[in-house]
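From first to last, the protein sequence lines stand for chains A and B.
Quick note: the numbering used here has the first sequence finishing at residue 270, numbered continuously throughout.
Quick note: the numbering used here has the second sequence finishing at residue 419, numbered continuously throughout.
Treat the hints loosely; a few may be bogus.
Stated by the list, open to error - Subject to a maximum C-alpha distance of 27 angstroms in a straight line, what follows is the list of computed DSSO-like cross-link-like pairs (lysine-lysine):
1. LYS161/A <-> LYS215/A
2. LYS336/B <-> LYS217/A
3. LYS175/A <-> LYS221/A
4. LYS215/A <-> LYS322/B
5. LYS323/B <-> LYS161/A
6. LYS323/B <-> LYS336/B
7. LYS175/A <-> LYS215/A
8. LYS161/A <-> LYS213/A
9. LYS322/B <-> LYS161/A
10. LYS323/B <-> LYS362/B
11. LYS322/B <-> LYS362/B
12. LYS229/A <-> LYS175/A
The set of hints was computed from the structure by calculation and includes no laboratory data.
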Amino acid sequence: SQKIEQNSEALNIQEGKTATLTCNYTNYSPAYLQWYRQDPGRGPVFLLLIRENEKEKRKERLKVTFDTTLKQSLFHITASQPADSATYLCALASGTGNQFYFGTGTSLTVIP
Amino acid sequence: EADIYQTPRYLVIGTGKKITLECSQTMGHDKMYWYQQDPGMELHLIHYSYGVNSTEKGDLSSESTVSRIRTEHFPLTLESARPSHTSQYLCASSEASAEPYEQYFGPGTRLTVT
């Protein structure tokens, strides 16, 4: 079965720095990879999607890369702010988008 | 803020009781999903629906059942709650076609079975 691994340890960074989160997967060839943000006690919120034939996608301070050879996605938040503190989840989806497989998430804390 | 609602937000119930977790969305989305999430763990898909009268089981085996009689409504039912059902249940919806298959999540129901 597919396995999705995200940074196992919580990530603490100083405000203004770039946060880099990792999502590695095995036993699966997703057509899409998504990133979500989840705050305590709330449902996840969609941030970005990247397709298997795309190397990089940007949205404001967010950047996602997708390397299907390494089976890895990197999620970057530049000029990080304390408000960026949350858990970030990656999710893999098939070509039909009917099923999604989520990672355990990485907890990010941006220190003022 | 997504227009998807779940009730109740918190529920503490005794073993053997029947419960229904409600999920409604006002976006007209055809696809709806139920996930189970334990603290610090990944979301596991337990049920999904492509539209009215369509329901499928997800990868995680669950003793719950779902129904989809109306587009906007996707309730989840446990006939006899057990302590092993204690978890966070998240409902989500997305458009039927076209990328990015963005899922809109509700706030979740935290269920505790004593």
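Consistency of the hints with the structure:
no., hint, result
1, LYS161/A <-> LYS215/A, "holds (23 angstroms)"
2, LYS336/B <-> LYS217/A, "holds (26 angstroms)"
3, LYS175/A <-> LYS221/A, "holds (14 angstroms)"
4, LYS215/A <-> LYS322/B, "violated (48 angstroms)"
5, LYS323/B <-> LYS161/A, "violated (34 angstroms)"
6, LYS323/B <-> LYS336/B, "holds (26 angstroms)"
7, LYS175/A <-> LYS215/A, "holds (20 angstroms)"
8, LYS161/A <-> LYS213/A, "holds (21 angstroms)"
9, LYS322/B <-> LYS161/A, "violated (35 angstroms)"
10, LYS323/B <-> LYS362/B, "holds (20 angstroms)"
11, LYS322/B <-> LYS362/B, "holds (22 angstroms)"
12, LYS229/A <-> LYS175/A, "holds (26 angstroms)"
Hints 4, 5, 9, counting from the list given before, are not met by this structure.
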